[in-house]
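Visitor: Build the full structure now, drawing on both the sequences and the hints.
Numbering that gives the first Met the number 0 applies: residue 0 is where the sequence shown begins, and numbers increase by one.
Think of the hints as simulated: they come from the structure by calculation, not from any bench. Treat the hints loosely; a few may be bogus.
Unchecked claim - Cβ pair distances, simulated, as ranges:
{"hint": "1", "residue 1": "Ser14", "residue 2": "Glu34", "range": "33 to 43 angstroms"}
{"hint": "2", "residue 1": "Leu3", "residue 2": "Tyr30", "range": "34 to 44 angstroms"}
{"hint": "3", "residue 1": "Lys45", "residue 2": "Met15", "range": "52 to 62 angstroms"}
These numbers were taken from a predicted model, which means no experiment stands behind them. Think of the CB as a built atom: it goes at the ideal place given N, C-alpha and C, for glycine as much as any other residue.
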Amino acid sequence: MPQLDTSTWPITILSMIITLFIMFQLKVSKYNFPENPEQKLVSVPKTITPWEKKWTKIYFPLSLPQQ
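Guide: Shown next as structure tokens:
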């Protein structure tokens, strides 16, 4: 039974990794990335809730003056 020749495996694996790295770099270099990303100011409209229209106060029994 013949032996499997593995002497060329390291150079094959290394060349594959280098080729994939170059392909990835070429692929990424085609994208346009913003140079200075800035935050957008988002204005949130204030919603008026029914309980904000009138003044209310809750009296706790322990906070009332003693009689």
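Visitor: Now tell me, hint by hint, if it's right for this structure.
Guide: Comparing the hints with the structure gives:
{"no.": "1", "hint": "Ser14 to Glu34: 33 to 43 angstroms", "in the structure": "35 angstroms, holds"}
{"no.": "2", "hint": "Leu3 to Tyr30: 34 to 44 angstroms", "in the structure": "42 angstroms, holds"}
{"no.": "3", "hint": "Lys45 to Met15: 52 to 62 angstroms", "in the structure": "59 angstroms, holds"}
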